[in-house]
Amino acid sequence: MLHRFANPTRFLRLADRIQPWAAGLTLVLAAAGLYYALFSSPADYQQGETVRIMYIHVPSAWMALFCYTALAVASAVALIWKHPLADLAARATAPIGAGFTFLALVTGSLWGKPMWGTWWVWDARLTSVLILFFLYLGYMALHDAFDDAERGAKAAAILAIVGFINVPIIKFSVDWWNTLHQPASVVKMGGPAIHPSMLTPLILMALAFKTYYVWLLLIRIRGEINAMKVRALRLRQVHGAPVGAQPGTAEQGSN
Amino acid sequence: MDAIGDFLAMGGHAAFVWPAYGITALVLVGLFIAGRRFQSATEAELSELAPQRRRRNADGDIGKDTADEA
Numbered sequence: 001m002l003h004r005f006a007n008p009t010r011f012l013r014l015a016d017r018i019q020p021w022a023a024g025l026t027l028v029l030a031a032a033g034l035y036y037a038l039f040s041s042p043a044d045y046q047q048g049e050t051v052r053i054m055y056i057h058v059p060s061a062w063m064a065l066f067c068y069t070a071l072a073v074a075s076a077v078a079l080i081w082k083h084p085l086a087d088l089a090a091r092a093t094a095p096i097g098a099g100f101t102f103l104a105l106v107t108g109s110l111w112g113k114p115m116w117g118t119w120w121v122w123d124a125r126l127t128s129v130l131i132l133f134f135l136y137l138g139y140m141a142l143h144d145a146f147d148d149a150e151r152g153a154k155a156a157a158i159l160a161i162v163g164f165i166n167v168p169i170i171k172f173s174v175d176w177w178n179t180l181h182q183p184a185s186v187v188k189m190g191g192p193a194i195h196p197s198m199l200t201p202l203i204l205m206a207l208a209f210k211t212y213y214v215w216l217l218l219i220r221i222r223g224e225i226n227a228m229k230v231r232a233l234r235l236r237q238v239h240g241a242p243v244g245a246q247p248g249t250a251e252q253g254s255n
Numbered sequence: 001m002d003a004i005g006d007f008l009a010m011g012g013h014a015a016f017v018w019p020a021y022g023i024t025a026l027v028l029v030g031l032f033i034a035g036r037r038f039q040s041a042t043e044a045e046l047s048e049l050a051p052q053r054r055r056r057n058a059d060g061d062i063g064k065d066t067a068d069e070a
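Sequence lines, in order, name chains L and P. Number 55 in my numbering belongs to position 55 of the first sequence; there are no gaps in the numbering. Number 41 in my numbering belongs to position 41 of the second sequence; there are no gaps in the numbering.
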């Protein structure tokens, strides 16, 4: 099943079909989400209008964790099964995840100042998310730190897998330690503790962020496939093999 | 006009709500531009390295996306 998509050409054909849907869904969901988030949802009785920051902060934070999980899973698949597209998918996910994590931190800070009276506290939730951001940056730096691309990929994959320990720490940090950050109110036992008028924009924006991730991911994987072919062609040139040969097939042959 | 003014004022929290939305838009659009640039830069590198291969694939899967963009 996995190896059905190991072939870049087959993957690109699939991506061609998915990408317009991801793009269209993102635009529709974001438009609806923004309408609800900014116009048709009420202000919070305690937080006033600042509650509207939630509709971008929470989806960003969810995506930060989702992307890291995807990064760790793709890295594990790349390490264990040497799946040729898994490392490319991991590499393509990292900058997107870093972007979402950055947004979770910045929008959280902009929400924290009026509500908590401070831009930042070194508590468990905020600190663990900051570490997540550095893990993304570390992954990208390590991947590029070797002359041999394969060694870089391996080292970065190991970092991604080891760093996954941070994901449950972030998730449960609000339960395990005293923190200014509020505990989960959507994904919890007994259903969401949030009114439908606020849940609607939150879910719409979360879905828009998710489809946008798919859209961005496909664009970046295309770039990564090109880059992989460029590397293969350069290697072939160095070793004097004919340039016209199909790049990318050698990698699959070894599996 | 008051309705628009009230909306923009965000109950006195405009200085926090609008920058949050602004930075989000900036980063998300930035990720898109960076991704597209990465895609077209590697595309150009590839066609420079293997021009004969590119021509053969002009209507194929790999060349298709740049054709859409142009």
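Certain hints may be false.
Now the stretches of chain L that chain P is said to cover, found in silico as 3 or more residues with beta-carbon under 8 Å [said to hold, decoys possible]:
1. 45-53
2. 101-112
3. 142-149
4. 225-233
A partial selection of chain P residues facing chain L, derived with a Cβ cut-off under 7 Å [unchecked claim]:
5. ASP6
6. LEU8
7. MET10
8. GLY11
9. TRP18
10. LEU26
11. VAL29
12. GLY35
13. PHE38
14. THR42
15. ALA44
16. GLU45
17. LEU46
18. SER47
19. LEU49
20. ALA50
Since the hints were derived computationally from the structure, they do not count as laboratory data. All C-beta atoms in this analysis are idealised placements derived from N, C-alpha and C, irrespective of residue type, glycine included.
We went through each hint and held it up to the structure:
1. Here the region 45-53 of chain L counts 5 residues with a CB under 8 Å from a CB of chain P, which clears the bar of 3, and the coverage holds.
2. Residues of the region 101-112 of chain L lying with their CB closer than 8 Å to a CB of chain P number 6, which satisfies the three-residue condition for coverage.
3. Residues of the region 142-149 of chain L lying with their CB closer than 8 Å to a CB of chain P number 0, which falls below the three-residue condition for coverage.
4. Coverage of a stretch by a chain is defined here by at least three residues with a beta carbon nearer than 8 Å to that chain's beta carbons; for the region 225-233 of chain L and chain P the count is 6, and the condition holds.
5. With a cut of 7 Å, the hint placing P:ASP6 at the interface with chain L is violated, because the nearest CB-to-CB distance is about 10 Å.
6. At about 11 Å, the closest approach between the beta carbon of P:LEU8 and any beta carbon in chain L exceeds 7 Å, and the interface hint on this residue is violated.
7. Interface hint at P:MET10: satisfied, since its Cβ lies 4 Å from the closest Cβ of chain L, which is below the 7 Å cut-off.
8. With a least beta-carbon distance of about 4 Å to chain L, the hint placing P:GLY11 at the interface is held under the 7 Å criterion.
9. The beta carbon of P:TRP18 comes no nearer than 9 Å to any beta carbon in chain L, farther than 7 Å, and the hint placing it at the interface is violated.
10. A cut of 7 Å between beta carbons decides the hint on P:LEU26: the least distance to chain L is about 10 Å, and the hint is violated.
11. Of the supplied interface hints, the one on P:VAL29 is violated, with its beta-carbon coming no nearer than about 10 Å to a beta-carbon of chain L, more than 7 Å.
12. The closest approach between the C-beta of P:GLY35 and any C-beta of chain L is roughly 4 Å, which is under the 7 Å cut-off, so the hint is satisfied.
13. Annotation: P:PHE38 was flagged as interfacial toward chain L, and the flag holds, the nearest CB pair being 4 Å apart, inside 7 Å.
14. For P:THR42, the interface hint holds, the least distance from its beta-carbon to any beta-carbon of chain L being 3 Å, beneath 7 Å.
15. At its closest, the beta carbon of P:ALA44 sits 9 Å from a beta carbon of chain L; the interface hint therefore is violated under the 7 Å criterion.
16. Using the Cβ-Cβ criterion of 7 Å, the hint placing P:GLU45 at the interface with chain L is satisfied: the shortest such distance is roughly 5 Å.
17. The restraint placing P:LEU46 at the interface with chain L holds, with a minimum CB-CB distance near 5 Å, inside the 7 Å limit.
18. Checking P:SER47 against chain L by beta carbon gives a least distance of about 9 Å; that is not within 7 Å, so the hint is violated.
19. Because the beta carbon of P:LEU49 sits about 5 Å from the nearest beta carbon in chain L, less than 7 Å, this interface hint is met.
20. Restraint check, P:ALA50 versus chain L: the minimum CB separation of about 6 Å is within 7 Å; hint holds.
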